[in-house]
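Student: With the hints as constraints, model all of the structure from the sequences given.
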Amino acid sequence: DVKVTQSSRYLVKRTGEKVFLECVQDMDHENMFWYRQDPGLGLRLIYFSYDVKMKEKGDIPEGYSVSREKKERFSLILESASTNQTSMYLCASSPSMTGDYGYTFGSGTRLTVV
Amino acid sequence: KQEVTQIPAALSVPEGENLVLNCSFTDSAIYNLQWFRQDPGKGLTSLLLIQSSQREQTSGRLNASLDKSSGRSTLYIAASQPGDSATYLCAVLTSGTYKYIFGTGTRLKVLA
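These protein sequences, in sequence, are chains A and B.
Residues in the first sequence are numbered consecutively from 5, following my numbering.
Residues in the second sequence are numbered consecutively from 8, following my numbering.
Source of the hints: derived by calculation from the structure; they are not laboratory data.
Remember, it's a predicted structure, so these values are computed and weren't measured experimentally.
To spell it out: a stretch of chain A is covered by chain B in this simulated footprint if at least three of its residues, at any positions, have a beta carbon under 8 Å from a beta carbon of chain B; those stretches are:
1. 46-57
2. 109-116
Think about it this way: if two alpha-carbon atoms lie no more than 30 Å apart in a straight line, the pair counts; the simulated BS3-like pairs of lysine-lysine are:
3. A:K7 to B:K116
4. A:K22 to B:K106
5. A:K22 to A:K57
6. A:K75 to A:K22
7. B:K49 to A:K22
8. A:K61 to B:K49
9. A:K57 to B:K8
10. B:K106 to B:K49
11. A:K7 to A:K22
12. A:K7 to B:K49
13. A:K75 to A:K57
14. A:K61 to A:K75
15. A:K61 to A:K74
16. B:K75 to B:K106
17. A:K59 to B:K8
18. B:K106 to A:K59
19. B:K75 to A:K61
20. A:K17 to B:K49
21. A:K75 to B:K49
22. B:K49 to A:K74
23. B:K106 to A:K75
24. B:K116 to B:K75
25. B:K49 to B:K8
26. A:K57 to A:K17
27. A:K61 to B:K106
28. A:K7 to A:K75
29. A:K17 to A:K61
30. B:K106 to A:K57
31. B:K49 to A:K57
32. B:K106 to A:K7
33. B:K8 to A:K61
34. B:K106 to A:K74
35. A:K59 to B:K49
From chain B, some residues computed to sit far from chain A (all C-beta separations above 12 Å):
36. L18
37. S19
38. V20
39. P21
40. E22
Quick reminder that beta carbons are idealized off the backbone N, C-alpha and C, glycines included.
Tutor: And the structure:
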């Protein structure tokens with residue numbers, strides 16, 4: 005089975021801190037995604053990557069950046085954390101950008117910014 | 008712009024009941040549709056993936072159908088169990104795009 009591992013289940017950070025959320029997948033998938041999930045808003049795409057060092061903005065990229073130096077790892081960076089970035093962050097990967105095999109998600113990181 | 012709606016937002020049923028969860032989408036030009044399950048505080052687990060050329064997919068007690076022309080999908084759960092309690096999300100991949108659009112989910116509670 006494909007595994008998508010998010011390094012932290014829970015994080016508490018202070019306003020203004022630089023925050024790194026890490027995601028690793030073990031099945032050589034080309035495509036990786038970062039979503040945030042908020043009550044009543046569902047999942048919203050922040051960034052995605054279709055190859056090493058390649059990235060595309062999703063629907064809500066403001067305040068975030070990403071890094072993909074190796075195929076298996078996709079990092080989400082909050083440049084200067086703010087309280088409105090308190091959320092559940094979910095990473096996903098897929099072998100196909102056309103979704104032939106669907107997405108596989110990690111367990112999520114619940115980030116609280118105080 | 009694709010919009011995905013799931014109604015009801017919450018559902019409570021007694022154990023053993025057969026139930027149907029609904030998902031509707033506004034743009035019928037889809038590539039596929041995926042149903043997920045999410046337990047509280049956890050990530051998403053894929054349940055079923057239906058390609059646009061398919062009418063339904065089955066896995067155990069779960070059956071998902073797709074009617075593109077009406078912009079609807081249903082997830083049928085047979086003989087529900089307390090362990091089925093979770094939030095169920097559907098996600099649609101519109102043709103020509105690279106991202107899934109998610110509904111906000113139906114929170115299901117199966118009472119013992």
